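Trainee: Residue numbers (the numbering used here), protein chains in the order written: chain A, 41 to 390; chain C, 41 to 390.
Treat the hints as calculated values from the structure; they're not laboratory data. All values reported here derive from a predicted model rather than from experimental measurement. Watch out, some of these pointers could steer you wrong.
[To be verified] Here are the simulated lysine-lysine pairs, DSBU-like style, with alpha carbons at most 35 Å apart:
(1) 151(C) x 237(A)
(2) 122(A) x 162(A)
(3) 325(C) x 350(C)
(4) 122(C) x 210(C)
(5) 301(A) x 218(A)
(6) 257(A) x 374(A)
(7) 325(A) x 218(C)
(8) 151(A) x 218(C)
(9) 325(C) x 218(A)
(10) 301(A) x 210(C)
(11) 301(A) x 162(C)
(12) 218(A) x 122(C)
2 protein chains.
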Amino acid sequence: MQTKDIKAFGTTRANELLNEMTIQRRVLLPHDIEMEILFCGICHSDLHQVKNDFGGSNYPMVPGHEMVGRVTAIGNHVNKFKVGDLAGVGCIIDSCRECDYCAQDEEMFCKGEVLSFNSPDKHLGGSSYGGYSESYVADERYVLHVPENLDLAATAPLLCAGITVYSPFKHWNIGPGKKVGILGIGGLGHLAIKIAKAMGAHVVVFTTSPAKVEDAKRLGTDEAVLSSDAAQMAKYTDSLNLILDTVSANHDVNIYLNLLKADGSVVLVGLPTDAIPIGAFNVVKGRRSFSGSNIGGIAETQEMLDFCSKHNITADIELIKIQEINEAFHRLEKGDVHYRFVIDMASLKK
Amino acid sequence: MQTKDIKAFGTTRANELLNEMTIQRRVLLPHDIEMEILFCGICHSDLHQVKNDFGGSNYPMVPGHEMVGRVTAIGNHVNKFKVGDLAGVGCIIDSCRECDYCAQDEEMFCKGEVLSFNSPDKHLGGSSYGGYSESYVADERYVLHVPENLDLAATAPLLCAGITVYSPFKHWNIGPGKKVGILGIGGLGHLAIKIAKAMGAHVVVFTTSPAKVEDAKRLGTDEAVLSSDAAQMAKYTDSLNLILDTVSANHDVNIYLNLLKADGSVVLVGLPTDAIPIGAFNVVKGRRSFSGSNIGGIAETQEMLDFCSKHNITADIELIKIQEINEAFHRLEKGDVHYRFVIDMASLKK
Numbered sequence: 041m042q043t044k045d046i047k048a049f050g051t052t053r054a055n056e057l058l059n060e061m062t063i064q065r066r067v068l069l070p071h072d073i074e075m076e077i078l079f080c081g082i083c084h085s086d087l088h089q090v091k092n093d094f095g096g097s098n099y100p101m102v103p104g105h106e107m108v109g110r111v112t113a114i115g116n117h118v119n120k121f122k123v124g125d126l127a128g129v130g131c132i133i134d135s136c137r138e139c140d141y142c143a144q145d146e147e148m149f150c151k152g153e154v155l156s157f158n159s160p161d162k163h164l165g166g167s168s169y170g171g172y173s174e175s176y177v178a179d180e181r182y183v184l185h186v187p188e189n190l191d192l193a194a195t196a197p198l199l200c201a202g203i204t205v206y207s208p209f210k211h212w213n214i215g216p217g218k219k220v221g222i223l224g225i226g227g228l229g230h231l232a233i234k235i236a237k238a239m240g241a242h243v244v245v246f247t248t249s250p251a252k253v254e255d256a257k258r259l260g261t262d263e264a265v266l267s268s269d270a271a272q273m274a275k276y277t278d279s280l281n282l283i284l285d286t287v288s289a290n291h292d293v294n295i296y297l298n299l300l301k302a303d304g305s306v307v308l309v310g311l312p313t314d315a316i317p318i319g320a321f322n323v324v325k326g327r328r329s330f331s332g333s334n335i336g337g338i339a340e341t342q343e344m345l346d347f348c349s350k351h352n353i354t355a356d357i358e359l360i361k362i363q364e365i366n367e368a369f370h371r372l373e374k375g376d377v378h379y380r381f382v383i384d385m386a387s388l389k390k
Numbered sequence: 041m042q043t044k045d046i047k048a049f050g051t052t053r054a055n056e057l058l059n060e061m062t063i064q065r066r067v068l069l070p071h072d073i074e075m076e077i078l079f080c081g082i083c084h085s086d087l088h089q090v091k092n093d094f095g096g097s098n099y100p101m102v103p104g105h106e107m108v109g110r111v112t113a114i115g116n117h118v119n120k121f122k123v124g125d126l127a128g129v130g131c132i133i134d135s136c137r138e139c140d141y142c143a144q145d146e147e148m149f150c151k152g153e154v155l156s157f158n159s160p161d162k163h164l165g166g167s168s169y170g171g172y173s174e175s176y177v178a179d180e181r182y183v184l185h186v187p188e189n190l191d192l193a194a195t196a197p198l199l200c201a202g203i204t205v206y207s208p209f210k211h212w213n214i215g216p217g218k219k220v221g222i223l224g225i226g227g228l229g230h231l232a233i234k235i236a237k238a239m240g241a242h243v244v245v246f247t248t249s250p251a252k253v254e255d256a257k258r259l260g261t262d263e264a265v266l267s268s269d270a271a272q273m274a275k276y277t278d279s280l281n282l283i284l285d286t287v288s289a290n291h292d293v294n295i296y297l298n299l300l301k302a303d304g305s306v307v308l309v310g311l312p313t314d315a316i317p318i319g320a321f322n323v324v325k326g327r328r329s330f331s332g333s334n335i336g337g338i339a340e341t342q343e344m345l346d347f348c349s350k351h352n353i354t355a356d357i358e359l360i361k362i363q364e365i366n367e368a369f370h371r372l373e374k375g376d377v378h379y380r381f382v383i384d385m386a387s388l389k390k
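If we strip away everything but chain A, and leave its shape as in the complex, we get (with noise of 0.2 Å):
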């Protein structure tokens, strides 16, 4: 199969920093696009992967899931994009396309899921290679449109922060009359606040930081409540419909489990490392949950950017260079960043 060199920034292994590096793009198949990434965010799994963290992760290695650009090229029968449309790039670049999940537009759960980095690459070999590089080429039907009016650099982490969040809102039916709760204020918390005020739901954040809770009032919160202070938390008993848990870091999910009203959940999107135990009178007791998500399918992500185009929904980002993502990880890994950042690809020309 032809292919085409690009730059891109990569590692060869595990602990190791990032440098600049060749890599190749397949040339266009008929239902391909190529886009050049104009910026592509920086998420917290993009150096677990790179750390191997997780394990399972293959090198060379170029992270990035969060693209946003301009269509540079289309294969003969694309009928989505043509050349100079903006377009988007998140986790997922490929699947079965024949699976029950496939056909209910639930590709997050497709067996056959290939993602935009570190997953098998089926036409190249190797692995597939992120958006840390100057252009991407995949099937239109993973590729979303980016609206006109947003900030494209601010649009980026929407691609995989954005609809980790929108999609169990959606879910789990959040909206007006609802009550939302949201721990931690990180890069997907800080837009959970924002889609779930949009979405018409009452807000209440929990952090253990007392300069978060203000943050989260300028971000739009209806209320923030610092966790550790247990008067204040007893107030909350039985009155949330749902919590969104964005937090990594090991925490007692007990104490959120038992503000839900009957049948409400806690949704877990971050990823804790050591398991999480749970007093089995949390559950049992209102006919609470414990749950996960993770993303959303294709349709629901391209319905997420819609929506942020409609209320005018964007991270808030640091934007960075290039060539200082290893600065940008040390600061990641402390937590240190406000809230997500994002890499202006321009930088890689130079």
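Following the hints, complete the assembly by docking chain C onto the known chain A.
Mentor: Chain C alone, transformed into the frame defined by chain A:
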């Protein structure tokens, strides 16, 4: 308030044998019915409460919340029952009647819920006395109609064990086309097999005991799997819509979360004493849930009884005399019962 002395079996403190005692029932209020108790099931939670395993036990205590009997007197304003009718009393005998939960027939979530024993008795003071007794008095709103076509002794366990498994099956929409796993074949599990089958689901039992594999098949399960057989277990990955977990011993739930399809739930109705560790990936992947459930509302309990009447479902029981209660508790503690003890309350008259 006027009272009437009746015979009962109870205990005056934790870790004491049950003995015959005299208790008082209130004279009928306008909406009350009095019923002669014919049969009372023995639930493991009777034993837990007698032993104060969960704390909060009050003595003297008369256990029993699976009562089937015949109406012997009615208050002036009773219109659901007449003297001579069959009647049943389960776990709930009162609630606030004003909250959203009561309005939605979900009295089990009401903060003002009153249980049939060891719950504050607002009429007589002290605690409510349960069904190990000659008769019961309760507001007709919380009394069930017992079908005439079922064996009465074997119907008693439906009032708690039956609704405990029926309610989550209804809540999670179990029916034709759904695959249901059942963990633990005891008082709850054996009824779960019968009810899930009658609902039209495909039933897979998971058990640690080869003997229970055979029993589960006799009870009607479609498949029965030894959970110690890793190769067999692996075949069920991503295949079940719901797993009802009736096990009260400590056990690993994560292996069962991984047998669920996307959006599936492990629903706990047992009460393990230790917190249950849940790996983050096991819920995040496939938007799966670890949930709980506890009995059901009065209307749903009636629906369950009518369903069991239609499908001719009762519990497999061992009928005992009230004088054998301490031995029965001893055997129950060892799990030595197939599958529910029921007390023939005629024995109390001797």
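Trainee: Next step is simple, just say for each hint if it's right about the structure.
Mentor: We went through each hint and held it up to the structure:
1. For a cut-off of 35 Å, the pair hint linking residue 151(C) to residue 237(A) stands: about 30 Å separates their Cα positions.
2. Under the criterion of a C-alpha separation no larger than 35 Å, the hint pairing residue 122(A) with residue 162(A) is consistent with the structure, at around 25 Å.
3. Between residue 325(C) and residue 350(C), the direct Cα distance comes to roughly 39 Å. Violation of the 35 Å bound is thereby established for this hinted pair.
4. About 30 Å separates the Cα atoms of residue 122(C) and residue 210(C), which keeps this hinted pair within 35 Å; it holds.
5. Taken as a hint, the residue 301(A) and residue 218(A) pair is honoured in the structure, with Cα atoms around 11 Å apart against an allowance of 35 Å.
6. In summary, the hint linking residue 257(A) to residue 374(A) is supported, as the alpha carbons are separated by about 23 Å, within the 35 Å threshold.
7. A distance of roughly 25 Å separates the Cα atoms of residue 325(A) and residue 218(C); the hinted pair therefore holds under the 35 Å criterion.
8. With a CA separation close to 20 Å, the supplied pair residue 151(A) and residue 218(C) stays within the 35 Å bound.
9. Simply put, residue 325(C) and residue 218(A) have alpha-carbon atoms about 25 Å apart, close enough for the 35 Å limit, and the pair holds.
10. Taking the CA atoms of residue 301(A) and residue 210(C), the gap is about 19 Å. The hint holds against a cut of 35 Å.
11. A C-alpha spacing of about 26 Å is found between residue 301(A) and residue 162(C), which places the hinted pair at or below 35 Å, so the restraint holds.
12. Distance check on the hinted pair: residue 218(A) and residue 122(C) sit about 44 Å apart at the alpha-carbon level, beyond 35 Å; violated.
Violated hints, listed in ascending order, are 3, 12; each of the other numbered hints is respected by the structure.
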